[in-house]
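Participant: Here are the chains, one letter per residue:
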Amino acid sequence: MTRDRRLSWINGLLLPLFNVLTAFIATGIVFLFIGVDPIEATKILLYGALGYDEGLGYTLYYATNFVFTGLAVAVAFHAGLFNIGGEGQAYVGGLGIALVALYINPAMSAWIVIPLAISGGLLFGALWAIIPAYLQAYRGSHIVITTIMFNFLASALMVYVLVNILREVGEMSPESGDFIKVSWLPFVHDIFASFGYKIARSPLNLSILVALFFSAAVWFFLWHTRWGFAIRAAGKSNEAAIYSGINPKKIIVVTMCISGALAGLVGINELMGVQHRLFLNFNYGYGFGGIAVALMGRNHPIGILIAAFLFGILYQGGAELDFELQNVSRDIVVVMQGLVILFCGGLEYLYRPVLIRFLAPIKESK
Amino acid sequence: MSDFFLTAVLTLDASVRVCVPLIFAAMAGLFAERSGVVDIGLEGKLLMSAFVAASAASVFGSPWLGLIAGMFASSVLAMIHGFASITYKGNQIVSGVAINILASGLTMILTLAWFKRGGITPTLQGDERFLSITLPGVDIIDHIPFLGVIYRELISGHNILVYLAFAIVPVVWWVVFRTRFGLQLRAVGENPKAVDTAGLSVEGLRYKALLIGGILCGIGGAYLSTAYNAQFTKEMTAGGGFIALAALIFGKWHPYRVLAACFLFAFLQALAIRLQGVIIPGIGEIPVQLIDATPYILTIILLAGFIGKAVPPKASAQPYIKEL
Chain A
1 MTRDRRLSWI NGLLLPLFNV LTAFIATGIV FLFIGVDPIE ATKILLYGAL
51 GYDEGLGYTL YYATNFVFTG LAVAVAFHAG LFNIGGEGQA YVGGLGIALV
101 ALYINPAMSA WIVIPLAISG GLLFGALWAI IPAYLQAYRG SHIVITTIMF
151 NFLASALMVY VLVNILREVG EMSPESGDFI KVSWLPFVHD IFASFGYKIA
201 RSPLNLSILV ALFFSAAVWF FLWHTRWGFA IRAAGKSNEA AIYSGINPKK
251 IIVVTMCISG ALAGLVGINE LMGVQHRLFL NFNYGYGFGG IAVALMGRNH
301 PIGILIAAFL FGILYQGGAE LDFELQNVSR DIVVVMQGLV ILFCGGLEYL
351 YRPVLIRFLA PIKESK
Chain B
1001 MSDFFLTAVL TLDASVRVCV PLIFAAMAGL FAERSGVVDI GLEGKLLMSA
1051 FVAASAASVF GSPWLGLIAG MFASSVLAMI HGFASITYKG NQIVSGVAIN
1101 ILASGLTMIL TLAWFKRGGI TPTLQGDERF LSITLPGVDI IDHIPFLGVI
1151 YRELISGHNI LVYLAFAIVP VVWWVVFRTR FGLQLRAVGE NPKAVDTAGL
1201 SVEGLRYKAL LIGGILCGIG GAYLSTAYNA QFTKEMTAGG GFIALAALIF
1251 GKWHPYRVLA ACFLFAFLQA LAIRLQGVII PGIGEIPVQL IDATPYILTI
1301 ILLAGFIGKA VPPKASAQPY IKEL
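Top line first, the protein sequences correspond to chains A and B.
Its first residue numbered 1, the first sequence is counted upward by one per residue in the working numbering.
Its first residue numbered 1001, the second sequence is counted upward by one per residue in the working numbering.
It should be emphasised that the hints constitute simulated quantities derived from the structure, not laboratory data.
Every residue, glycine too, gets a C-beta built ideally from N, C-alpha and C.
No incorrect hints appear here.
Which bits of chain B does chain A cover? Going by a derived footprint, with three or more residues having C-beta under 8 Å, they are:
no.	region
1	1245-1258
2	1296-1305
No more than 30 Å apart at the CA atoms, straight line, and that leaves these computed lysine-lysine pairs for DSS-like:
no.	chain 1	residue 1	chain 2	residue 2
3	B	Lys1314	B	Lys1208
4	A	Lys236	B	Lys1322
5	A	Lys236	A	Lys250
6	B	Lys1116	A	Lys43
Chain A extracted, bound-state conformation:
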């Protein structure tokens, strides 16, 4: 094997694998530190997430959210942008969905209402990303800082809207009324039941197909369209992009709109699929989780599907740990997210010098 081939194997496969393993080992150390046997914990976690129908349903349901936010972060990464605003874009996207699902004519067919509600999520998510994008492109403010600020603005906005506008008269809790029935995405167990198969009830709903659809769409868009090429080119080298006639400012705005729109889809799973109403903090943690998923999945839709499934396992398995063990709660998943972001992101190159020295040394030429 040539040295170049070996290097690409190291960068493409070995490094990410080692990084993920390190994050797992570090989580194991945290378990030991709090007096929990990591192997025992892993068994409980895996059984809880994959061992039975209902658990698997929950795992896939959580994974669906992570696919949306993971794709959102990844698309922005390809243009060299770091979108920390997924949390806020998902939140406001939920408002877009709710406005359609609450106020549209209930006599309309689900075939019209559901796509409209999904478009509402896409549109509002994109809207929440377009201002930071515009400011980065045309006013020179940094997208990371502005998207952080927009997360806080989103939560202020949503509290205001839920408390003062969407809350039903006489209700105490800040949540909207029920969505109209035709906007509900059917549960997978109901679909199976209608074909005569009985599977356990879980929140898993048709959103998972939407997630798969958008994963394929993002793959096609990034690697098989003109715009996708332009985005990746601008992400690799701004100057080269300019020379080849690409307008990087436009790229920033378009990419962030797509990124925000994808994050805006969290609501279709959480709201249209499961809760059928808008409520506070339904998005909690998925935006930041998306960063971990994108980093772990190397910003490729297939990688993201795998990473999202893994985080689904952790979320659902974490709930099981919470239930089974006294010393640990599902917040261990948050620790794990942090470790994944640290080792797959910040410390991405930790093992590179060692791996290169052993597997692809520069040969001394005589």
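Fit chain B to the supplied structure of chain A, relying on the hints for placement.
Facilitator: Using the frame of chain A, we list chain B on its own:
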């Protein structure tokens, strides 16, 4: 004495208390960013320190030991940030995000493991926390109208960390603008290559800056859980680290301006609490959320260059790669 005056003084007093962790975190960020390392992880360091300080203060019965433990914990996180972003030249923003999430998860896991309670530490009793200090002369000045109230409510009666926060700002200014280290620090944030050429260690300077930041954030976090409150509670920093980051930008990386921004943002928070449900004649009720959001809106507008211009240190967010 008019009620309005007393209310105004009390609101300012509340602003002072809210302001303290912002000052420590913003000064921490100032060192990091002046050295060319973007520090998104202020929030996580505050949170971690708040938790560790409250735990240590409760276990050892001393707020001072709590403070030291808090500073240590926050510095460890700062060094992880340094290890990733300085030594391994990773993305500074990514490792900052990692620190925030890690702190959020670890504090929850450890409260449960150590104290059998999810997200809180035991309440600190009596002198396990920093108590307020009554400055001398309160009784004498109290009789003077206006000044008496200001002295009693606003200036006296805070705990030692509050005074430390306000005292540290001129010290930061002096270090950054009047010492050799400060000059090197600013140089490494603007032009690391020049610093390297002069035979100084870019990495060493950046590590020092992050360590100072870690210690400062540690004090801010300890203040939250052992002075302002008497225990750690889940996510008690509530975005304070990000407000500090906003103040840092709003104050254009200059200690005094940053202090002013911290105070402005703290005042807005204090005002939001006071204005809750109050109907102002002619305007009606101002939504609390709008006041809460104001620091972020102001920072966005400033960053966009609509009111002045905030230009960060030139080399910020770029790892320094030595030419061989």
